[in-house]
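**Q** Chain residues, written in single-letter form:
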Amino acid sequence: MDNFWTTLLYAFLSMFLIFNYGMLLGGVVYKIIARVHGRFGPPVWQPYVNLVKVMGVRTAISHGIMFWLGPVFRFAGGIGLFLFMPVVFGSVWMQNFSFSGDLLLVIYFIFFGQLGMALGAAESGHPYSPMGIMRGLAQVTVSEVPFALAVIALAAQHGTLSITEIVAAQQGGIANWNMITNPVATLAGMMAFLGMMMHAPFNLHLAPQEIPVGPPTEYHSNFLGYMQANRAFFASAKLILFMNLFFGGATNIPVLVGKTFTLYMFAVFVGVVNPRFTLENSIRWFIRIPTATGIIAVLLYTF
Amino acid sequence: MSLKDIVSPFNAWKRAFEKPDTIVKPLSEREGSDLYRGFHINDIDKCIGCGSCEEICQNAAIDLVDVASVKAKPGDSGLRPLIDYGRCCWCALCVDICPTGSLGMSNDYTWISENSDDFRFIPGIDEKKWNRSEKGYRRSAESWLVDPNRQHMNEIEPDKRKKNFDEYAEGFTDEQAMAEAGRCLDCGICIQACPTHMDVPKYINAIRNKDLDEGLRIMYETNPMLEACGRICTAKCEDVCAVGHNGKPIAIRSLKRYIGDQTFKKKDEIMDLKPAASTGRKVGIIGGGPAGLTAAFYLRRFGHAVTLYEQHDKLGGMLKWGIPDYRLPADVLQREIDFILRQGVEVKYSVKVGKDISFDQLHKENDALFISVGAQIGSDMPIKGMETEGVYSGVEFLEKVAKGEKPFVGKEAVIVGGGNTAMDATRSSIRLGAKAKILYRRTEQEMPANREEIREAKEEGAELKILSTPTKIEKLPSGRLKIECLKMELGEPDKSGRRSPVPKEGSEFYIEADVCIMAIGQKVEPEFSETIGLKVTKWGTFEVHSDTLRSNDKVFAGGDCQTGPDDAIKAVAAGKKAAYFIDKQLRG
Amino acid sequence: MTEVNNEENKIIKPDYCDPELFCTALPKEVPRMNNIIQKFYDWAQANSLWLLAFGTGCGSIEMRPLYTARYDISRYGIAPRPTPRQSNLFIISGYVSVKTLKRIIRSYEQMQNPKFVIGLGSCTINGGMYWDSYNTINRLDHYIPVDVYVAGCMPRPEALIAGFDELKKRIKEGRGEGANEYAKNFAWYKANQKKIIKDWDMPDYNW
Amino acid sequence: MKPIWNDTKEYDLKSGKYVKIWQGPQHPGVTGNMSLELLLEGDEIKLLKTHVGYLHRGFEKLMERRKFINCFPIVCRICVPEPDTNEYLFAAAAEELSGIEIPERAKWIRALNLEMARLGATVMGLGGQAGSFGLGTIGQWAVAHRDFLLDSFEELTGGRIYHMYIVPGGVRYEIPEGFEGRLEKTLVKIEKLLSDIDKVMFNNAVFKSRSKGLARIPKDWIEPFGINGTTARASGVSYDVRKDHPYLIYDQLDFNVTTGTEGDVYARTELRREECLLSINLIRQILAKMPKSGPVRTFIPDIMHWKIPAGETYVRAESGRGEYGYYMVTDGSEYPQRVHVKGPSYTHAMSLLEKLAEGNTNADIFGIMVSLQTYPPEIER
Amino acid sequence: MKELIERLRSKFNAKNIKEQRKNFVFITVEKKDLEGCVLYLKEFEGYGHLTLLTALDWIEKDQFELVYHLHNYSNKTDVSVKTFIDRKNPTMVSINNLWAGARVYEREIKELFGIDFPGCPRVNDPFALEGWHEIPPMRKDFDTKKYSEETYFPRPGRYTKDNVAQMEEQLYPVEAEVKNGIAETVRKK
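Residue numbers (our numbering), protein chains in the order written: chain A, 4 to 306; chain C, 34 to 621; chain H, 128 to 334; chain U, 275 to 655; chain Y, 55 to 243.
Fair warning: there could be bad hints in the mix.
Dumping the calculated DSS-like pairs for lysine-lysine here, alpha-carbon to alpha-carbon at most 27 Å [said to hold, decoys possible]:
| hint | chain 1 | residue 1 | chain 2 | residue 2 |
| --- | --- | --- | --- | --- |
| 1 | Y | LYS194 | H | LYS325 |
| 2 | C | LYS58 | H | LYS325 |
| 3 | U | LYS581 | Y | LYS136 |
| 4 | H | LYS321 | Y | LYS215 |
| 5 | Y | LYS136 | H | LYS322 |
| 6 | C | LYS106 | Y | LYS215 |
| 7 | U | LYS466 | A | LYS34 |
In silico contact screen, one side only, chain A against chain H (beta carbon under 10 Å); selected entries [said to hold, decoys possible]:
| hint | residue |
| --- | --- |
| 8 | TYR33 |
| 9 | VAL60 |
| 10 | ALA159 |
| 11 | THR163 |
| 12 | TYR222 |
Chain A regions said to be covered by chain U (calculated; three or more residues, Cβ under 8 Å) [unchecked claim]:
| hint | segment |
| --- | --- |
| 13 | 37-51 |
| 14 | 279-286 |
These are calculated hints, taken from the structure and not from any lab test.
These numbers were taken from a predicted model, which means no experiment stands behind them.
Just so you know, even glycine gets a beta-carbon here, dropped at the ideal spot from N, CA and C.
Isolated chain A (complex conformation) (with noise of 0.2 Å):
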């Protein structure tokens, strides 16, 4: 880090990247899902389409300051988390910001956007968004549990706390992955995985069904540009966690891409045929299974 002006363009160019990849790889994996549908799904630029739109409409209406502050909490936390992971090993410019305890402050990021949100959307008046908040933390906060407890049991493997140290023990080959060196660990995670990435069947905050699109029912205009943003961000930046705790990182851009896709096509997989689980049922789903899991991956490395 001998240059900081430099380090900060580079984190600013591969946040350029990572946020199209993220539109990209939005608009690719609605066409895959259009495909078991049994139809062609919109054009993969769709999501820039509804970006241009959303920032085009020219009135808004806002309910107070916390209402429009809450996306850009959620911003902030999409771009935190994204800003303290490498995001391709080795490489230079998307090296981003490391340092040591970078993993507990990830940890808090993927929490943050969900608690802007709740200021906001409660500031909203809407009852919708609320329930969706109330529903959506709680699923947040259910699959951290798992999420959490795979994390301490990387870093008891490892012995550290700081992504990139966790990955660079990873390289290699397949063999160092977590996944092969710490399969109970990568279990748990990807099982709360699976509930971080607001796909069936742990999706009932946004479904349309039983709440109007949950949080963001009241956000709409720029507000919703930025949430719109952000989940290419946050999507992208989760893939890359995974990626980077589990399978070993990335050391150039088509490892990256093919790593990330593929673990969201994972997420996709399993949402595409199933429905939702009610929230009771998802708590008591992720308490069981996952956290146990969790906790046998953790006693494994203490023990």
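Go by the hints and put chains C, H, U and Y onto chain A.
**A** Structure of chains C, H, U and Y alone, referenced to chain A:
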């Protein structure tokens, strides 16, 4: 919950590798099915503007509107349906009811507009992209909502009826009348076709409502000779009947007869006509035929005193003397005339104007005069042998029959002509015991007689010899007649649209018969015309103003003596018109 | 035998008029910018139509095939949204009863400025087959501005897709200004609405 | 004795323990255009009230001022997914009162039409049930396959949604040539779909965990709540109008009424799949046994002024959702004195749903509604 | 069926018995007997299913008619119990304690016909209509077309022509004048 339950759902992914169900180009790939009920189309030339579609539309989506390019003509109101797609529900009842089958639906279904007022158009007139669509919903024979078959009156079988002059048609039963009335679409296209413009839908509706008394009242508004007309009318209305375009027309005449038959006993009670306030004016009517009687009836309703001068000893004119009893029984005619007379008409029987009383005297005595003497003299054919014994004119023959004289017909009678008089003569001669043969110079389609008459005549054994005309009649030594004839062929259509016959060279032939009845037309008695000094046309009819029937200040003329020989209903119309304008003139 | 249970139910009264949840400010016209950015926005608006998933009448039965595999309108960038805030296209699918009209107005007013309305079927144009019903409004354009009408009863999904095309054209030409028209003629629309909705128990404008 | 449905509890809204929300009418999680007034404690429904009337068009009033022949295009609008039942029932009531006999072949074609409509509606219902729990994939397939069936309808009747094919006196049109073959192809497609739905929905751990035991209807609720159709059969009451009061030609077809035992959402959904298979079976039977030719329509006397003698009757038919009934009273004029339409879900949506929802979570309410097959237009008409 | 009818006749003085189909009968009872009759049918004769409950407006007789249609699942028969109530002050006993479904029917009838059912829960809540101030719409004296035309902006500028009038005008104006002039004289008394 088993492992199977977790794994099995992933089967769904195999659909990802199948061809999607999506229609790639929905706007061009999938047109409506062959039967699709899309936007309307209308064959403007076939459409008669009857308004059945408007009537049946429960959404009030259809309006009948003026169309510049279509003019009203007999059997076509000139209006065309305009459809509001802000109302239409595409049920296609309008298509299913359409009597002509002109209305249909295309299989086109896209019409987008920014303006809600756009969604109206006249199918077939306004240019739309589906106008010439071949596919789409059309009314088929089975989906037509109207029964194409008409009810038939029970008739005495031809073999029995040809033995006597009894009325052979029995009239509708109640069920038949209801069924037949039920076929009527209430469109009213027939009203125009009727010379006296009877409110046909109204009285059919009365039958439908089982309110025959009202039906009778409705009919008397336009026609006081309804019982006679219910039997012998030429039923022009049925020719234009909307249902007739694709099925048999409504039996309007029979329905009229049905009302008459059911109500005649209580006619006075039903009609309950109070004498109108007297105006103190006097009107004289010369000739007690349908025109005269009609005029008399309505003039009485206007409150004028009426005197009828009749040369015979019975009223009825041609209805009495020209129509045999099997079609119009004498008592039916008589009871109808009696009803008119009960309105206070003074009749002078057996008075021939110009002989028994002078025209000038009448002219002086009355405030107005209506001449309805009819065309009583049979026309002659310009051929040799007309004066031969055994050659009658149609009217002469029928008059004899009507008087009960039983004229000689021998074994074989030849009737020349194709009108109703010819048919009457034919069937009368059959009833008198002859075999009848009809000579007509055009084809059967062109015959002016009613179709039914022709059919029934044939049923009774009349032989039809079309495209033939007599050229000479000779008396054979055996006492029989030899009628030399010529074959004809049809040439170009003339002004009236009928194709005129052209003689075929070298096609002479002859037939033998005992009598020959010339039913080729009638004319007004020339001696009478001379006595009254009215203007006379080249056909021998009186020339009067065509609208008001007025010639000079107080003389009116109408009926056959004005139009030339025509049917009874025309005479009724003339009588009515005369009554109206006489009244108008008398009131100033 | 008859046990009369006459307890007045306590929670039934809908408290529509919670002043905290409504804004009473009147709508404002937001004019179009006259530049290339506006053109770009118009293009995006046209190609990303989010329609409000509110099945107001029988037409909603044909919306399902549209969203789903057979017709798949997502190909054209059209997607259903469950909340009026995020939608910019309102499809009035057929007849509108008075009770629904009230909800339509609320939903419509909650949509944000460039907003479009498609009137589906005869019923929105001139009353359709319910022209003489005491409970259905006859002409939609008297209550909210309508951009495009699609004739039919029901219009086929294809007709609706053609309607979308027409709407896109209109938006790209810059004529999809229903929201501004509504703001401009607010008094007229509101008077019409109030004529129909007898017990008007909400603010005049719910944004 | 206080009946179970009358124990109105009171909740103190001011305590802050409860939240009251209105779900619908503008809400994708409500079948059709109706709204639910929910009182929630957390996620649990304490009290539910349904509000209908958003689709009230006054059909019964409109019919009173329409002539008999003009009523048949309007009745089908009462039930959008399955309009044919309405058309049939109106025609049947009018025919019974006026004493019109319809041709034999028309009866078979009517039955074919009804079964096709039932199949389409039930397939879509299955998709809706999957969608109500978030399994959109099945919804996509099901609606698309219903659309294939609509193509057949379009070919047979000329209309896609509203067929207006069954008219008083018979049916409008002869079956087009080669129709049987094309219909068979669609049936095969739907059979394949049903086997896929089996795999993806009925053998789905998540679906089972959500729907089993949800909104169970005990057998002794059937009568007081007036439950019918698949909802009643899922609780073990074998009542099917086709079997118990055979109309048209159903007495000449060979079929059994399937019943469930559990009476929960899963059982109701499963029974609907059985209904689909049964409909497919019946369509095949009908096509095989139908007389091959003959008239399809008798003329109605006096079409423009069709008068039906004074009388009254109630006719019923089994729709995809249960017993549909028409009560018609005539007074001898051209207009019906009164037509009352009894939709199958009339009581389901109000009294039953309100009772069933109590104690379930907000998230399940849509699933329950779909499983009861509530359909607002037939409730308020 | 015959015995059932006999029992109903003796117990509740059932009149106007009309067997519409075999196993389907209409009976009419007095207003006061109605509740007892349906209760008897439900509890003792097995008619446990209330198929429908509806009302009819006989405005000429100044009466409302209520129809309770009951169905028996076991022997598959139907009985329709009808009763007439006064149109001036229409009230009827509620049967919501017998059938849960009846409440909805009663609410609907209350709204659409204005027949009151005291004791039925939520009977005064609006059912299908909102903000309705006219007479109940299903009553015969309510004219829906007139109401619609007065309330909902009918489209101006629509016109239609009578084809008979059009032909009169275009083809035979003089005769039409004659016809009308004459018709009057016959109608004149």
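**Q** The structure should be examined with respect to each hint, and the outcome stated for every one.
**A** Hints, verified against the model:
no. : hint                : verdict
1   : LYS194/Y / LYS325/H : 23 Å, holds
2   : LYS58/C / LYS325/H  : 46 Å, violated
3   : LYS581/U / LYS136/Y : 24 Å, holds
4   : LYS321/H / LYS215/Y : 35 Å, violated
5   : LYS136/Y / LYS322/H : 40 Å, violated
6   : LYS106/C / LYS215/Y : 16 Å, holds
7   : LYS466/U / LYS34/A  : 24 Å, holds
8   : TYR33               : 8 Å, holds
9   : VAL60               : 5 Å, holds
10  : ALA159              : 44 Å, violated
11  : THR163              : 43 Å, violated
12  : TYR222              : 7 Å, holds
13  : 37-51               : holds (count 4)
14  : 279-286             : holds (count 6)
When held up to the earlier numbered hints, the structure conflicts with 2, 4, 5, 10, 11 and fits the remainder.
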